[in-house]
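Undergrad: Letter by letter, the chains look like this.
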Amino acid sequence: MTDTLPGPTPVDVPAPGTATLPKRPLMELLDVSKTFSVRNGGRRATLSAVDGVSLKIWPGRTLGIVGESGCGKSTLARLITGLHPATSGEMVFEDKQILANRRRPREVVEQMQMVFQDPSSALNPRATIGESIAFPLEVRRRPREEIRARVSQVISDVGLPASYARHYPHQLSGGQRQRVNIARALALQPRLVVLDEAVSALDKSIQAQVLNLLTDLQSEYGLTYVFISHDLNVVEYISDDVAVMHLGQVAERGPARRLYDQPLHPYTRLLLSSIPSLDPALSTRDQPLDRANGEIPSPIDPPSGCRFRTRCPFAMDVCAERTPPPVLAEPDHVVACHLYTADENGVVPRGVTESVARRVAEGSEVDAAAVPEEPLPDPTP
Amino acid sequence: MSQATVPVLLPEAFGAGTTDADRQAAAKLREEWNAHDQSVRAQSFWKETGKRFLRNRTGVAAAGIVLLLALAATFAPLLTPYDPLLGQPLDRLQNIGAPGHPLGTDEQGRDMLARVLYGGRLSLVAGFVPTVAAALIGTVIGVTAAMLRGVVQTVLMRFMDVLYAFPAILLAIAVGAALGPGLTNTIIAVTIVYIPPIARVAEAATRRVVVQEFIEAATLSGASRFRIARTQVVPNVLNDIIVYASGLVGVAMIIAASLSFLGLGSPPPAPEWGYMLNSLRGTLSTTPLVTIIPGFFIFLTSVAFNLASDALREAMDSRL
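Just so you know, the protein sequences line up as chains A and B, in that order.
Numbering follows our numbering, in which position 148 of the first sequence is assigned residue number 148; successive positions increment by one, without gaps.
All you need for our numbering is the position in the second sequence, starting with 1, plus 1000.
Rather than coming from a laboratory, the hints here were simulated on the basis of the structure.
Please read all numbers here as calculations on a predicted model, not as lab measurements.
Do not rely on the hints blindly, as some may be mistaken.
Said to hold, decoys possible - Counterexamples of contact, computed for chain A against chain B with all Cβ distances above 10 Å:
1. Arg24
2. Ser69
3. Ser88
4. Pro125
To be verified - Footprint (simulated), chain B over chain A, 3 or more residues, beta carbon under 8 Å:
5. 111-121
6. 133-141
Backbone N, C-alpha and C define an ideal beta-carbon position, used for all residues, glycine too.
All chains, please: the whole structure from these sequences, using the hints.
TA: This is the structure in structure tokens:
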């Protein structure tokens, strides 16, 4: 069943030549949740993998989703592509509504593809590269001639020799296999490609090649990416917008540049501070931002209120009582943290906000003051 | 194809590049690479498996014995002038090497060579047919159970467990006794005995395959579950099943022979190896060598099948 939302109102249409950013997201997630029922020590328990996630995916742009292992990134990817049905919430793809637990309309399924994490398990070991890429086209009953042309087209688009169509996955290197995965995702000419840790299993040098290939293909095909990774540097490199996930919830989202330069959420700060730095002055090893020492609360029984409060150095009483609502801190920059929300009386906890804002703004200087004067000896004489 | 002129694809040459010149350069490089790469052969799984199997001497010898027995049984009328059912009472109980009877004769004066050769037909059929039938049925059951999960899986696999709980020979005797003697019924009995273990192997292999990402990719392309099972799952569980089932052929022959020995197999005077062993029991003291001939052939075929199966497993197992 497809419910159609009302079409774009004239107000939404930008005047010609004025707007560079399209007014309508390609896909929108509204309060999407996913729970799994699991057995926990013999008892039935509910695992909340994704909880109330709202996101906008803009056409032609890359949305990076970043977070620790087990924060629900991969589940979110499978919710977006429909491999898992959402438990609750709503998704809108262009003007088509996707309801939780309903079969997706075919037009929506065809527009989305996914690139998987493990290059060795993402290809059928008994099928040649050409057969793997042709499979989605065969499912769609495309004519044989068209399939053949399309297969050699995408193989060459991802920078592989056309003759690789006859090879088997085990004959290819990890980077080549990931190129084949990308080629298969492109075969149906989707609009949205979800990349779930697409480069995480590759060497750094191969990662760079594949990332460049992805950006090339994006401009060539006009693709929209959802790029999921735990690697902050990779996400920063490829993304236009970034959403930071913690334990199934979006802690903060905004344009990549601003989010990396001025992180607002304490969790984002923690993540960014965990990028290893060669400069000892920037090291946060002696004053950790994580109270729980990297101990992530269980998604089976998450903390009440803000799910980050057990680890947060700024945790307040209100954090245990209420879930922080997403607040528009700056244009396009949304943060879900009580440091930035008003209390019942409409008063923002000013003192805290200011001190946080100062610490955020002067982050490096504050940290630098805490380390000893004498720098470590230069490792490269 | 000269080795010196292999064009190297530099990282920058991959992908489309950012400028038109880059793209053209990359395309040209790719074309050269293609021209060179035509010489690289695709290695199919079965071709590689065959190559590795041929390198295993034991396996080749065992497979040769199986082939030889099958050929001998098929062309039995050309190899022996005797009728396996017609005895010469005057020539009864000749020992091995007797003139005209290289393997001697049995208690009714029937030529043992003729009976062994013709009997090979029954025994090989009783070994092969139930294994193949059970492999087909068991694969369907196992793949269905593991792919549909839930109630279907529980019902199917627990039912298989119930059957599997019986000792194989006991179940075969029970089915054989219920259906009555005869080759067809022996085949049915052994098939029923074999379905549960094969279904379990198929189910375990399917569960291992369905969690892999290429199944998710196939789902994303909109393929039906049946299509995914047929094109993505079955080719990947097939080698597990082939390896397992090939080891069962020898045992199937022994079960069939046991049923014949107990009078539940092919009815006399059909030259079935198990039945022959039974009827010659009484002559163990007079012509012991002749008596053990059917047993020897049961043993030989079964061992050859098992060795060939082991070699096949090794040839398939080495990860590509």
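Undergrad: The structure should be examined with respect to each hint, and the outcome stated for every one.
TA: Verification of the supplied hints:
| no. | hint | in the structure |
| --- | --- | --- |
| 1 | Arg24 | holds (24 Å) |
| 2 | Ser69 | holds (17 Å) |
| 3 | Ser88 | holds (22 Å) |
| 4 | Pro125 | violated (7 Å) |
| 5 | 111-121 | holds (count 7) |
| 6 | 133-141 | holds (count 4) |
Figure legend: structure checked against the earlier numbered hints; the only hint not met is number 4.
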